[in-house]
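Undergrad: Take a look at the letters that make up each chain.
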Amino acid sequence: MRPDDRHYLSSHEWIKISGETGIIGITDFAVEELSSGNEGDLVYCDLPEVGRVLENGETFGEIESVKAVADLNTPLAGEVSEVNTAIEDHLEIVAEDPWERGWMIKIKLSNKDTGKLLSAAAYEEILAKQS
Amino acid sequence: MKQTPLHDVHEQSGAKMVDFGGWHMPVQYGPILEEATRVRTKAGLFDLGHMGRLSVQGPDTVRFLDSIATNYVDRIPVNSIRYTLFCKEDGNPIDDLLVYRGEDDIYLVVNASNTDAVLGWMESRKAGFDVQIDHRTDRETMIALQGPHALEVLCGVTSDCDLEKLGYYKFTFGTVCGLENTRISRTGYTGENGFELYFPNEDAGSIWNALLEAGSEAGVKPIGLAARDTLRLEAGMPLYGHEIDEQHNPVEADLGFAISFAEEKGDWVGRGALEAIRQQPRRKLVGFTTAGKRVPRQGYQLYRGEEKVGEVCSGAVSPTLETNIGTGYIPVELAVMSLELDMDIRGKRQAVELRPLPFYSRTRK
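The listed protein sequences derive, respectively, from chains C and L. Per our numbering, the first sequence starts with residue 5, numbered consecutively. Per our numbering, the second sequence starts with residue 3, numbered consecutively.
Hints are supplied without guarantee of correctness; some may be wrong.
So the derived list for chain L, only partly shown, Cβ under 10 Å to chain C, looks like this [said to hold, decoys possible]:
#, residue
1, V29
2, G32
3, L35
4, E36
5, A228
6, T232
7, K295
8, R296
9, R299
10, A318
11, V319
12, I347
13, R348
14, K350
Source of the hints: derived by calculation from the structure; they are not laboratory data. Ideal Cβ positions, reconstructed from N, Cα and C, are used throughout, including at glycine.
Bound conformation, chain C alone (with noise of 0.2 Å):
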């Protein structure tokens, strides 16, 4: 079971909201998706400044690995806060930790109704029916 602390989007992204403040990242089924288990495969990865204005849905970013590349988009909308830089050179922290230490951007939400959001159990459902 995925954490159950938190909301996804079917494209893989994951946002934890903890106060005003929405941190986004994305599942191990997206890291598996695009490096097949091996963390040497994930090869770039771009994270917006801090400041961007992000809507509901919008693409922030780009994650590429050897065979692919996947935008990355937010769940909510809301202004980066935070990004988190160490990722940038060290791809493999988002192949061990994609749930704590491999999170890529916090935002000050501009929206908290995550009514269109998944569960975990839902977004469980949705990878059950790709595999």
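Given the structure of chain C, go ahead and fit chain L onto it with the hints provided.
TA: Quick look at chain L alone, frame taken from chain C:
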């Protein structure tokens, strides 16, 4: 999706399977870069059962193929193989293929995704020629053993033929792992020394496992299609749908070695168009490396300053060169080595430097 006779063997070994040209194929068994490096330093085994195989027979076989192939089929010695293309009237290829000239037939190996198109093309062109086309893809297995240890490993399980004397782009028939009359060619799509083997489907699993067993000490392991793509790109070999397709002709792709304008060959489909392109090519296929982290991918645009000058055909992380590599078309007048261009990756620029193809040559290190 179609499956090769080795499909279940791949799934059981944990391979990641994908749709490739309508076939459910192993794209990787482990890390792609490690698989590519294994083929460069040891050897690897590939399931190529998706490749289309056609045997052409009948009294007009050579004359028929010379009317549609770019290479001069009548000049291929028996037991030799040539790379060739089938082009449309406009000179653009419908496929590229290998031609095995046998004593009684000519055996063609075509791309999986183009097999039906090639069959249709040949059927539509064969009026007036006494030929029969036997589609064997679903009856015969094709596997490849590639890498510096391929020769010693295959020699250890082969009898009734002398593999050491089998020259590059030659084929023979021998007994492999006890299976008589196996077609063995010294060919491959990796840039390494190696062999491709063809035999009936019933023996696929036993031969596959026997080769892995025989090669275990030498480090032979199964290799997926992703590493194969990296290896062929390092070796400067074109892939249909990337360097060549219905908009990219073989002259500008620098495949002149596979095109015969010999008068005695007579007319063939696309000859006039390719002769004209040869006189005045507009663009040229070039290789490039990039020091940036981003991997070149098909469709990225190439810029010189603000001017768009070309487009990327293929790209990969190259474990052999330890950099990112790519191919693309640019105007002939810009095809000067060491020229720096920019690659546009969804709005961001990354510098690339033109490099001669191939990036890697086994014999020219």
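Undergrad: Which hint numbers doesn't this structure obey?
TA: none
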